[in-house]
Each structure stands twice: as structure tokens, then as C-alpha cells.
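If you read the sequence shown in our numbering, its first letter stands for residue 1, the second for the next number, and so on.
Because the hints were derived from the structure by calculation, they are not lab data.
Beta carbons: idealized from backbone N, C-alpha and C, even for Gly.
Don't take each hint at face value.
Claimed, not checked - Below, in silico cross-link-like pairs of lysine to aspartate or glutamate (DMTMM-like), each with a Cα-Cα straight-line distance of 25 Å or less:
#, residue 1, residue 2
1, Lys-205, Glu-319
2, Lys-71, Glu-57
3, Lys-71, Asp-22
Claimed, not checked - Pairwise CB distance ranges (calculated):
#, residue 1, residue 2, range
4, Ser-248, Phe-126, 55 to 65 Å
5, Tyr-365, Phe-199, 25 to 35 Å
6, Met-183, Gly-142, 25 to 35 Å
7, Arg-249, Ala-66, 34 to 44 Å
8, Lys-71, Ile-402, 24 to 34 Å
9, Ser-132, Ser-248, 51 to 61 Å
10, Gln-357, Gly-104, 49 to 59 Å
11, Lys-251, Gln-228, 44 to 54 Å
12, Ala-28, Lys-381, 22 to 32 Å
13, Arg-31, Ala-324, 23 to 33 Å
14, Gln-203, Gln-72, 24 to 34 Å
15, Asn-67, Ser-133, 11 to 21 Å
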Amino acid sequence: MDTEKAHIVIRGAGAISPLGHDAVSTAACYRAAKPGFVTIQHQNTPTPVAKLPEAAEQKLQELLEANPNYKQLDRSVLMAIYAARQATEQAGWLQEEEETLQHGLAVNIGSSRGASGLFEHHYDAFLQQALSSGASPTTTLGNLSSWVAHAVNAGGAQISHSITCSTALMAIANAAAWLKAGMAQRFLAGGTEAPLTDFTIAQMKAIGIYSKLHDSLYPCQPYTLNKQNTFVLGEGAAVFALEQVNASRLKKGDYIVEAIGFGFEKIQSKTGISSEGLNFQQSMQHALQQLPKAATIDLIITHTPGTRAGDSAELAAIEKVFGAKVPFLTNNKWLIGHTLGASGALSLAYALHIFQQQRVSSIPYSIAVSQQEPASVKSVKRILINAAGFGGNAASLVLTLI
Numbered sequence: 001m002d003t004e005k006a007h008i009v010i011r012g013a014g015a016i017s018p019l020g021h022d023a024v025s026t027a028a029c030y031r032a033a034k035p036g037f038v039t040i041q042h043q044n045t046p047t048p049v050a051k052l053p054e055a056a057e058q059k060l061q062e063l064l065e066a067n068p069n070y071k072q073l074d075r076s077v078l079m080a081i082y083a084a085r086q087a088t089e090q091a092g093w094l095q096e097e098e099e100t101l102q103h104g105l106a107v108n109i110g111s112s113r114g115a116s117g118l119f120e121h122h123y124d125a126f127l128q129q130a131l132s133s134g135a136s137p138t139t140t141l142g143n144l145s146s147w148v149a150h151a152v153n154a155g156g157a158q159i160s161h162s163i164t165c166s167t168a169l170m171a172i173a174n175a176a177a178w179l180k181a182g183m184a185q186r187f188l189a190g191g192t193e194a195p196l197t198d199f200t201i202a203q204m205k206a207i208g209i210y211s212k213l214h215d216s217l218y219p220c221q222p223y224t225l226n227k228q229n230t231f232v233l234g235e236g237a238a239v240f241a242l243e244q245v246n247a248s249r250l251k252k253g254d255y256i257v258e259a260i261g262f263g264f265e266k267i268q269s270k271t272g273i274s275s276e277g278l279n280f281q282q283s284m285q286h287a288l289q290q291l292p293k294a295a296t297i298d299l300i301i302t303h304t305p306g307t308r309a310g311d312s313a314e315l316a317a318i319e320k321v322f323g324a325k326v327p328f329l330t331n332n333k334w335l336i337g338h339t340l341g342a343s344g345a346l347s348l349a350y351a352l353h354i355f356q357q358q359r360v361s362s363i364p365y366s367i368a369v370s371q372q373e374p375a376s377v378k379s380v381k382r383i384l385i386n387a388a389g390f391g392g393n394a395a396s397l398v399l400t401l402i
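Go ahead and model the full structure; you've got the sequences and the hints to work with.
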């Protein structure tokens, strides 16, 4: 007797980013193509960054006031908690009774940098010989999932990890594996990043990729025709409530994680990328092999961080994999910058927005991609999402609307 096929379904989603603190505020920014960039002074130089807007900051402040223990946590952890509570509430899983742990609910929240702001704060205190006892427990990467678990009373496995900018999609992959293995009944997975600190910004500038377009409305310009680096750091978090559902229980409007592919190439440089984007080729091919034979990709949300090498490598990989039938390409970094370990999760959140609105925001600058106008994109049912990180790794996820 054939076993009924099971699918990984998204039951809830939560996000906080430079575009907003919920689906309504974020959708409004996407429709208006309203970016979240501001210019700050970093080492006496005007520097563009993508920060949370005032309304989102207010939501984080309300979260802080709701629990005095949260005052010791890094900003990355707070954003993860905020997004996770959104996701669990939307899924109907939010358990407010502290005495009742949901042992079947597991958590995997990732970050590229972790508690960057708090770590730098404690290091400054160390230099002043005033290091507090909270320095070690509040700067470990494990804070991410353990505090999220506290916030939603999840009693299952708690995993925090970093695989640089592929982190969030790897968290989704972990969730899918655990659910399919029967090691969890429900799963919260996603990514968070709060990298707008002096040292993190300085690191990106030292690589030579940071945007100098501080006086532009769009300082981060993936696919740009201009031959310059336009990388801009952004902050944010997105978390998803996932469960495994038999095919007979699927209903119209469900979002399923249909495939997850991985790629890796031996690095030739400190950033680990080849001109052909071999890691992207592998991850996309791996994901596409898992789809039904007649399946087609309607749209790709690219990783493209706004760097010359990174953007061109991914575009070359897409052309190699899809040939003359390259799907419509888009991304959200021209609005929110590169959120590092959270970027894949915020791309996934953008995919949900596209499914719901059935429209794509028009990129307002000249791009080096030949494709139709966004208005021509109709009936989007299957989206491929790419992410890649330092070290040569890449991940590709296919999300499908039933």
C-alpha cells in the first residue's frame, strides 16, 4: 500500500524589518516601493543603513516593557521573539500559560553575527575593567532559540546556528528534516540580525563592498547597470510556523515548502564565490530535481546583495540552470539592504507577500536583467528563493501556493 505523501506547510509567519512590523505595514511599503534606508555618521563618513521604522521600534519597546528579563537581551534576540510570537499567534499555537510547555514544538532561529551590539558593549566594558556577570550568557548564539522558546512556551528542541547569509534557509531545512523524521510535531524556524554596529559596519567597509550612494533614495542596487558595489547593511527578523501535513489535508491557499536544495564550492577567495556561481548552480539544480517533472518556476527571489561579484555570479548561475527560460527575477534588498543571516527569511516573507498580492514591486533604477515589466507577472504559484554565504555555501528553497 502506498504511503500518502506529506508536505511541509507554513501555518504562520512573523516579521519585523525596515519595511514594517506586520503584514499590513510591510505590504504598504512594498506597494509604494518605500525603502527603509537612512544615513548615519560612521567613523565620520556618511553611511547608508536600513533601520527599523519608528512604529516598529515602538513595538520592540512594548515587548521590552512586557517582560523585565528582556532588558538584558541583544536586539537580535528581541526581534526574533517579536517575529516568533507573530508566527505562533497566526498559526494558533501561542500558549500564554507559562506552566504548560508545548513539548512537540521545536525552535531553530539562526543568525550570521548573533549578539553583535551586546558583544561590543560588553567588550567595551572589558576594556574599562568593568565586565558584568551577564556578558557570557547573553552573548551566546544559543540565546536566539532559547529565549524564543521561553516567549512561546516551546518545549521541544531548541537550535541556534550560523551558516552566514544562508542561515535562515538552513533553519527552514532543519525544520523540514525534523518534522519529516517525526522528531517534532511543530516547528518555528527563521533568522534574525541586528548588525548596525560600529564594528560590523567597519568589517563590511573593510571588504570594500559598502555602498557610497548615501545621498540616493536607493543606496543598495542589486542588478544595477552601474559597475560599482552597493552593499548596505540592514536589520530585521522573520520566523515561520511549520508543520507536516498529509496531501489529503492540504487546502487551497496553503503555502508548502516543496523543495530545498544545497550547494557548495571550494572557496577561491575570502568571500567564497566563483564567477560562475557554482554553489548557486548546485543548490538550484538540487531543488529543481525534487519537483514534479511538469513543474515550472514562476519567479526567483535572488540573493544578490548589491555587489559586483556576488550579483554577476548568481545571475550567471541562473542563466546556466534555466537557459533561455529564465523566470522573472526580483529581490527586496533595494528596499531593506542585506540583513545577513535574516536575509533568506525576509526573502521568504517577501514570497508570501507576492503570493498574497499577486504583484511584484517595480525596481526604480536601471538594471542589468532583461525581463518583462512587473505588471506582466501574473498568477504566481511557485517561487524559488536563493541565499548564499561566506565560505562557499548556498541554499535554494521552492515555495508553492496551493
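Now for the hints, and whether the structure bears them out:
1. Lys-205 / Glu-319: Measuring from Cα to Cα gives roughly 30 Å; hence the hint is violated.
2. Lys-71 / Glu-57: holds, 14 Å
3. Lys-71 / Asp-22: The hint holds at about 23 Å.
4. Ser-248 / Phe-126: 55 to 65 Å: holds, 58 Å
5. Tyr-365 / Phe-199: 25 to 35 Å: holds, 30 Å
6. Met-183 / Gly-142: 25 to 35 Å: The hint (25 to 35 Å, Cβ to Cβ) is violated, given that Met-183 and Gly-142 are roughly 19 Å apart.
7. Arg-249 / Ala-66: 34 to 44 Å: With a Cβ separation near 35 Å, Arg-249 and Ala-66 satisfy 34 to 44 Å, so the hint holds.
8. Lys-71 / Ile-402: 24 to 34 Å: This hint is violated: roughly 43 Å between Cβ atoms.
9. Ser-132 / Ser-248: 51 to 61 Å: holds, 55 Å
10. Gln-357 / Gly-104: 49 to 59 Å: With a Cβ separation near 33 Å, Gln-357 and Gly-104 fall outside 49 to 59 Å, so the hint is violated.
11. Lys-251 / Gln-228: 44 to 54 Å: 47 Å Cβ-Cβ, so the 44 to 54 Å window holds.
12. Ala-28 / Lys-381: 22 to 32 Å: holds, 24 Å
13. Arg-31 / Ala-324: 23 to 33 Å: holds, 32 Å
14. Gln-203 / Gln-72: 24 to 34 Å: Roughly 25 Å apart at Cβ, these two residues keep to the hinted range, so it holds.
15. Asn-67 / Ser-133: 11 to 21 Å: At roughly 20 Å between Cβ atoms, Ser-133 and Asn-67 fall inside 11 to 21 Å, so the hint holds.
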